[in-house]
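Residue numbers (the numbering used here), protein chains in the order written: chain A, 1 to 310; chain B, 1001 to 1266.
Don't read these hints as lab results, they were simulated from the structure.
As the structure is a computational prediction, the values presented were derived from the model and not from experiment.
A virtual CB, placed ideally from N, CA and C, is assigned to each residue, including glycine.
A hint or two may mislead.
[As the list claims (entries may be wrong)] Quick look at which bits of chain B chain A covers, simulated, 3 or more residues with Cβ under 8 Å: (1) 1023 to 1033; (2) 1111 to 1125.
[Claimed, not checked] Far from chain A, some chain B residues (derived; all Cβ distances over 12 Å): (3) TYR1066; (4) LEU1195; (5) HIS1206.
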Amino acid sequence: MAYAIEVAGLRKSYGSVQAVRNVGFTVRSGEVVALLGPNGAGKTTTLEILEGFRDRDGGFAEVLGLDPGDRSSGRELRERTGLVLQDLAVEPYLTVRETIARAAGYYLAPRTTAEVIDLVGLDGQERRKVRALSGGQKRRLDLALGLIGDPELLFLDEPTTGFDPAARRDAWQVIRHLSNEGATILLTTHNLEEAQALADRVVVLSSGTVVADGTPDAVGGRDAARASISFALPDGYGPQDLPVPARVGDGTVVVETSNATRALLELTQWADRNGVVLAALTVDRPSLEDAYLNLTSQGTQAGAPGRTTR
Amino acid sequence: MMTAVTASPARPRRRPRSFGLLVHQIRYEQLLFWRNPQSAIFTFVFPVVFITVIGALLGGGNRSSYFGGLSALQYYVPTIAGLSVLGSCYGQLTVALALRRQYGILKRVRATPLPAWAYFAGLLAHCVLVSFIDVALIGAVGRLYGVPLPSNWFAVAVTLLVAAACFGGIGVAAASVIRNADAAPAVAQLVLFPLLFISGTYMPIHSQMLNRVAGWLPVRPFNEALMGPLVLHAGPDWKHLAVVAAWGCAGMVVGGWRFRWTPGTE
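Go ahead and model the full structure; you've got the sequences and the hints to work with.
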């Protein structure tokens, strides 16, 4: 059994609101998986069930071979998992070092305080009080507290929200480093560049169900999707003159095609024959963001999830 | 990209060390308390100012039947000592826990393997410790006004130990029932203030009926239990301590049943 997380048919309602209707996915040991979805899609509820903060109404959930809803194994689960969540806070009057050392004392086999401070880049801040830290430094401290127990599995809930671009790259480095050391990571993010950069696999939630599950490059049929070729319409020509079907708006030609190689060949040969240039020529595939927006906008048609596999 | 790791824990894990964990938790709970100037001031300065003002107003005074055959200060040293214990154990603990929950500090604690019992043991140890300091300070001020120091230190210690743990437990119960941290100080005081009045903390109560009612509530038995060891050189007042302990146990049961670590109403 090499699954760190296994979820099937997960359900959770708050009163009459079904936050999670039928969520199922797996995370293999050592894998980095990004849970994507708009606000209200059920990401937080799913995470909280897996972290043991919330009881599920139904379905199967197993984390590191343990049932997260089982109170009796809660301590072992928390021993082996690290959490970096949005709504966690630390005491304001302790210093950075004290805060981390305090948490270290709760684990049986923690990393050293110095190692973690170094990992998250809080060097030089050890003696500062938590209340005096900037927002970004506080998030680094959150990350440090998630790592101190040397977890096999890390839950990261929007780990880089509020980071400047440089700090974000640093955090990505830390996450990659942990992943290379063998840690399993389940993260949520609204930053699709982050998902693309970090995740081996993305799971897209919408309206409480999984609408896609695959590699960042393939999710939502990205790999098979039509490419779009665009260029400036040469002077004196109209769309009817082109060798392939095209849309023209604002002087820009857009050609949607499932065979970009063929279409480009025909276009460039046509340009050559007519002695014109295809100015501002670009070939685009749908970005992860396009795929994501497309997937989550049709989330209400939950009956037919557009599943892709790697 | 990376090698797969089996689901079984790779690192050797020693057996939980309960005692070390407890010491660690008590140490950091104390560090938290002493680092926050506001809580230290409320805990220690307020009761000391109170007993000093009462001493200045009433002086040592003669024994009177109004104070049940005691001098005014002999009466007020135990009741203000009781007030200080209630303030730091029940009052401040309720508010601190409600705030910690609202800010997500409790959830952060819950995200670690620290067992709940160790967290609460750290809080109760804190209650006992500040209670001893409070009572020592008030006893010292009382001494300045001519109230002799207690002689039966064992009785004082037992009384404070039981009471601090019990009112700490009631504080945890109150924090479990109060969901909104903004309302916590008001609710905690709303419960405590009338209770202090009818229990004779501020003035002796000569109504049979009130005394009977208050005798079944936690504050008056606590005042009675303090009175003997603190100013009458008596041993532990087990009968009154039993009433306090019953309330303490009830509080711990409610706390154990209703306590929530996560913010929000759900």
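Now for the hints, and whether the structure bears them out:
no. : hint         : result
1   : 1023 to 1033 : holds (count 5)
2   : 1111 to 1125 : holds (count 5)
3   : TYR1066      : holds (45 Å)
4   : LEU1195      : holds (30 Å)
5   : HIS1206      : holds (46 Å)
In the structure shown, no violation is registered for any of the earlier numbered hints.
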